[in-house]
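Student: Chains A and B, in that order, are what the protein sequence lines are.
FYI, full-length UniProt numbering numbers position 54 of the first sequence as 54, with every residue one higher than the one before it.
FYI, full-length UniProt numbering numbers position 25 of the second sequence as 25, with every residue one higher than the one before it.
Keep in mind the hints are simulated off the structure, nothing from the lab.
Do not take every clue at face value.
Each pair may be met inside one copy or between any two copies, as identical chains are not told apart.
No farther apart than 35 Å at their CA atoms in a straight line, the calculated lysine-lysine pairs in the DSBU-like style are these [said to hold, decoys possible]: (1) K246 - K18; (2) K236 - K54; (3) K207 - K246; (4) K115 - K38; (5) K36 - K114; (6) K251 - K36; (7) K114 - K54; (8) K246 - K36; (9) K142 - K183; (10) K251 - K18; (11) K207 - K54; (12) K18 - K183; (13) K114 - K207; (14) K36 - K183; (15) K251 - K207; (16) K38 - K246; (17) K207 - K235; (18) K207 - K18; (19) K235 - K114.
There are 2 protein chains.
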Amino acid sequence: MLSVVILGTGNVAFHLAKVLSSNNSVELLQVYGRNKTKLQAFEPFCDTTDNLGKLAAAAIYLVAVSDGAITALTQQLAGLDGVVAHTSGAVSLEVIDHPRPGVFYPLQTFTRDKKIPFAEVPICLEARHPNDLRLLAQLAGKLSGAVHRIDSAQRRQLHLAAIWVNNFTNHLLYIGQQLCEEKGLSFSLLQPLIQETVDKIQQLSPKEAQTGPARRRDVQTIQTHLDILEAPLQKKIYQLLSESIKSTYEKEL
Amino acid sequence: MLSVVILGTGNVAFHLAKVLSSNNSVELLQVYGRNKTKLQAFEPFCDTTDNLGKLAAAAIYLVAVSDGAITALTQQLAGLDGVVAHTSGAVSLEVIDHPRPGVFYPLQTFTRDKKIPFAEVPICLEARHPNDLRLLAQLAGKLSGAVHRIDSAQRRQLHLAAIWVNNFTNHLLYIGQQLCEEKGLSFSLLQPLIQETVDKIQQLSPKEAQTGPARRRDVQTIQTHLDILEAPLQKKIYQLLSESIKSTYEKEL
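Kindly produce the complete structure, drawing on both the sequences and the hints.
Tutor: What follows is the structure in structure tokens.
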């Protein structure tokens, strides 16, 4: 059975612990974290420890800590055999200071209180040694049907793309909600539109799916919206996104 | 039976004609358009005309033309009885120069080649006379289960919110696709993430659902992304959206 230890107590660690502990063909041995209070949330899943000296011997160590903490933590794992894989989209394989480095990057957004359908989450793998890659692929295959070998430069770009389609998109939804609430309108009025925005791109490319005043160069509507918007930062973002849409369709008009 | 004439040949006119012509309790009498070629697409649905003098007598005229053309067109309908309702989110009831003005605004994004599940589309209504509002509500109720009376100021705000959650969101998806393709990555890798972004807000508010480097003030990742981004306009948008996310969570850190 594939044995795993998770290092970290954030959202990614939590969702990995949850899904791995419920998988019959994986043995989640332990979760390590410095913060005892945060570790408590992991007690239902497996053994926990705040002592690096007491880490269990595992085939794979998944390091789900903040990007800046990966190097320092992995240096302390020098004596352990097993693949040491970080779960980050943003940093290279090289930040891992261990002879068997790997990357196990689940391309998804993880919030504590929201279940994740792992079966469809692309898991992007990288390793220095072919045998380690096979080991990571074996683990990934137990969680997801979408396992990809992706190098560090591609993964960094994928993570950047993910920021646009998730972090920034979610922030636009937040602004939409605020605008509704300012005028006593329920945010639920926008739900079918939000769903359709995403449904559309199953059938059309985002380039074809674009509608709205910026695409049709409706200067008057754009000006009205800039006049209504009260927050200066929102005005600027509205202006730049409209400009970016206009320039995308420039040659077509 | 409720009789309807549609004026206009754009995407909103097309989807309204399609759904109204297939509804057994509505009689779609005619579609009017100036452009004979564009009118051809409407021939499967009902009678068409490019002659305003030959408009059929109907209970409701749905004016689905560009915002700037509504006043001039409705002035030419002065002699007709029936409610004259525009379908725009952006302009007030007052732009209609007819004694029985109304608004019939379907809050959705319409692309020609994508079917619309009308039953869930919020239809926002406004009219000067209570009887006319009832007539519009009768028509809207035949298409959708979400019919709302919304005044011009609220509708304008709702339209502005719709720009953020649809037009701008779709453009962010386009940028995400471009970034993938630049490095030979399939856009389909991002699909589960995009779906999850929207699924999340069924359960959490967008404010709670926010993740990513800007929320956790990960200055280094933000700087790396700004370094990778090649288009100056995209750099600026990345910067402003990150700033806006940071300021949203300022007090929490």
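Student: Against each hint, give a clear statement of whether it holds in the structure.
Tutor: Each hint, compared with the structure:
1. K246 - K18: Cα proximity of K246 and K18: across copies only (29 Å, versus 45 Å in one copy).
2. K236 - K54: Cα proximity of K236 and K54: none, with 53 Å in one copy and 47 Å across.
3. K207 - K246: Both, since 12 Å and 29 Å are each at most 35 Å.
4. K115 - K38: within (19 Å within a copy, 47 Å between copies)
5. K36 - K114: Intra 23 Å, inter 52 Å, cutoff 35 Å: intra-copy only.
6. K251 - K36: Between copies, since 26 Å is at most 35 Å while 59 Å is not.
7. K114 - K54: within (31 Å within a copy, 58 Å between copies)
8. K246 - K36: between (52 Å within a copy, 28 Å between copies)
9. K142 - K183: Between. Shortest inter-copy distance 28 Å satisfies the 35 Å Cα cut-off; intra-copy 48 Å does not.
10. K251 - K18: Answer is between: at 31 Å across copies they meet the 35 Å cutoff, but 50 Å inside does not.
11. K207 - K54: Answer is neither; intra-copy 53 Å and inter-copy 39 Å both fail.
12. K18 - K183: Between copies only: 33 Å across chains, 41 Å inside a chain, cut-off 35 Å.
13. K114 - K207: For K114 and K207, both the intra-copy (30 Å) and inter-copy (14 Å) Cα distances are at most 35 Å.
14. K36 - K183: Neither. Shortest intra-copy (45 Å) and inter-copy (41 Å) distances fail the 35 Å Cα cut-off.
15. K251 - K207: Within one copy, since 13 Å is at most 35 Å while 37 Å is not.
16. K38 - K246: between (47 Å within a copy, 24 Å between copies)
17. K207 - K235: Classified as both: same-chain Cα gap 24 Å, cross-chain 20 Å, threshold 35 Å.
18. K207 - K18: Between. Shortest inter-copy distance 24 Å satisfies the 35 Å Cα cut-off; intra-copy 38 Å does not.
19. K235 - K114: Intra 32 Å, inter 31 Å, cutoff 35 Å: intra and inter.
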